[in-house]
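Here the protein sequences come in this chain order: A and B. If you read the first sequence in this note's numbering, its first letter stands for residue 1, the second for the next number, and so on. If you read the second sequence in this note's numbering, its first letter stands for residue 612, the second for the next number, and so on.
The hints are simulated quantities; they were obtained by calculation from the structure and are not laboratory data. Where a beta carbon is used, it is the ideal one built from N, C-alpha and C, also for glycine. Do not take every clue at face value.
[As the list claims (entries may be wrong)] Not the full set, but computed from the structure, chain A residues with beta-carbon under 8 Å of chain B:
hint: 1; residue: A84
hint: 2; residue: Q102
hint: 3; residue: E566
[Stated by the list, open to error] Okay, derived cross-link-like pairs now, EDC-like style, lysine to aspartate or glutamate, Cα gap no bigger than 16 Å in a straight line:
hint: 4; chain 1: B; residue 1: K808; chain 2: A; residue 2: E8
hint: 5; chain 1: A; residue 1: K47; chain 2: B; residue 2: E795
hint: 6; chain 1: A; residue 1: K47; chain 2: B; residue 2: D722
hint: 7; chain 1: B; residue 1: K643; chain 2: A; residue 2: E589
hint: 8; chain 1: B; residue 1: K661; chain 2: B; residue 2: D722
hint: 9; chain 1: A; residue 1: K47; chain 2: B; residue 2: E625
hint: 10; chain 1: B; residue 1: K643; chain 2: B; residue 2: E625
hint: 11; chain 1: B; residue 1: K643; chain 2: A; residue 2: D36
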Amino acid sequence: MPNFIVQERDQRFLLFEVLNVQSLFSHPKFSELSEDVASMVLDEAQKLATEVVYPTLSTGDKEGCRLENGQVYVPKAFHACYRAYCEAAWNSIDISKEAGGQGFPRILGTAVREWFSHNFAFLSYPDLTQGASHLIDGFGSEEQKNKYLPGMVSGKWAGTMCLTEPQAGSDVGALTTKAIRQPDGTFRIKGTKVFITGGDHDLTENIIHPVLARIEGDPAGTKGISLFLVPKFLVNKDGTLGNRNDFEIGKIEEKLGIHGSSTCLINFGDNGECYAELLGNEREGMKIMFLMMNGARLSVGMQGVASASAAYLHALQYAKERLQGTSIERFKDPTAPRVPIIEHPDVRRMLLWMKSHAEAIRALLYFTSFCLDKWETAASEEEGESWRGLVEILTPVCKAFASEAGFQVADMAVQVYGGAGYTQDYPAEQLLRDSRIAPIYEGTNGIQALDLVGRKLAMKSGAYFRGLLEHMGQSLGEFEETPATAEIAKAVRKALGRIEEAAFIFMQASAEGRLVVPLSYAHPFLRMFGTVVCAWLLTWEAAVAAKKLEEAKSAGKALEVGEDKEAAFYQGKLLSARYFATNVLPQVEALFQGIQSQDLSMVEMHEESFA
Amino acid sequence: MKLLVAVKRVPDPEAKIRVKPDGNSIVTEQLKFVINPFDEIAVEEALRIKEKLGGEVVVLSIGPSEAAEQVRTALAMGADRGVLVKTDGAYADPGIIARALAEVAKQEGFDVLLMGKQAVDTDYGQTCGMLAQILGVPCASFAYKVEVEGESKRLVVVREVDGGLETKLIGMPCIVTADLRLNEPRYASLPGIMKAKKKEIRQISLEELGVEVTPKLRVESLEEPPKRQGGRKVGSVEELVRALHDEAKVI
């Protein structure tokens, strides 16, 4: 099947030539892996993604979900997809071996996930299950692990995450769902949750809901929140399924996109009989949930990468085929042959914008996942801390920056298609609709920006932030030495300086009691930050590409772009980085000027003046 | 049941094939290779027979060292072990391939030897008949359905023929070639891939098998198909008929 999903060559380049993920395979945990095996894993993921999952992108969208007699039904085509996905164990690729998973490094889990994330309506079901399994694996009692994990890891059962309530969205601490203690140590849940992805469906025989609730008598705010496991069907001691638990699906949402993903309103405990088990310690619900949310935030960032990649590849194909207008040289000649629109400079501008953004956010997500593995396999605590710092700082950037870029690239794909892109005859409009959710859920991008500015910059007295700046600064030194990347590396270093200055402005304003400055400018700061990190990653890639071209040349293999696919690829990396540095990176300066002004027009504006 | 499956390494049918300047081979650098899709169906059928009746599935391939990748893929689907006969750059025509397969089949012994009805790169479809002749066993080509008849050593093979289906009863050992609708091959699983890494692939050369390596076929030249010309609108049926008759010369 043709591949309109992942820029295959770029994926391999990033994994094996830039990040050098092979370095992980010498760790005892991953000793069974090799580049060959990793490569085979990616081949097989591609096969399943292109042949089975991709064809359901459009059918799933058109059919959507339905709620009948309290049961949600997903698009029919998702059933075969789900079975194939779980039978091949893709759903448990980075779950630990102890928990029954495949125990692959995160970075390979991430790379595999990119193949399936284009159809996030489908992937949301196994992906949330994986997140919930991580929770139970990390915090469940032995009994809970034995009871729930085998079913969830095999894909026979599913999982969700139930946080949001009608009055408690971004402000989770305001939740009102109650947990009532029972003499046998279990709880009964009462309350309403909304926007629950995969809250009900007919893909599995049981669904285990991790639910945030407040035990009666516990304090208000996030400190009084505990986490509970609420199964759809109670699980008997022998593992068989018992009674249907006391909760109802009130409705499913009609949404802009991801129509194949069921978004449910759940009423827990209308009859006072909703069985629940505490997961982890009382009043530690938020802490535990954050663990799952970090993984989920990377998943949503990956959705941005997959949207960008798929939108770009579709638009590229269309631009090569669609004939319109004549070449620039013969534009005055009405009899000149029509040319594919990829020959027009304005279309090329859009394509390169899309290509450079798709590749930049792929690098951002993969680098962060790789840091997670480096953290988990570090030889010393100190080394682990330095990798952890990068993960902490980059997680909100991955979520927000990649989800925004994913939508923007999908938007530009529609533009490349022109009028055709606005119709349902082509997949561009669906990619646009589907990708719009990513900047919203799993903590809005506004919340991500506050997390970056309010929590992450100051973490460990700013050590994590300084760690990232040093890490980038050091490698920029190398790229400045390489003639092919010297110019762009200098531009990135200058922009990096602006990040530091902006952070300093925030720090000073906060010290002077003007917290409203960082709050008002958190999002522009995150955009600056994301742009600079992406420019740095593209420069890194360009430096590797330049080296490869150099090596080929000195080995006597003068690679010609027109003749040789590899040469064309590496040349593309150099130009992609140059384009980003010259056309996108300067936005950092503009954003910085806004921050530097500390102008507070948005705060000074009277509500009435927002007329 | 001892089941042998022959798989061929072929360029990805999705890939764009380019002819080398020498005019009688194709550019293989940076070309993606896969198992011949019909052979993949044969692997699936062998696995299904094994799952029903027990036994062993051995995958055979004749080709360059890189063909080990395709053998490995079949092992990841669930086959037990592999044999790779290395041609190392030499051109192997269907006759050489059939003789090499015959030698390995004699060494291994088998009840059923399966393969695709043809390879999608050269489309010869010759190997099965030649191999059956060399081994002196019956063969059933273009299988649409395969069943083992009770406890007997016979296979019921339903074949797709022009205008319908034909059912054949053949005694084992025998050769069966898979047609497109025989089954839908499974996808390799992650645990399957990890297990495949540890499975044995025995590698031997054509010389070691004692197979004569001089091909009886020679490739004279390869050409890319002519570029498709754009269509044109005709004004009337008469004009259409005239164009088909005088220009396209198809009627």
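Numbers of unmet hints, in rising order: 4, 6, 7
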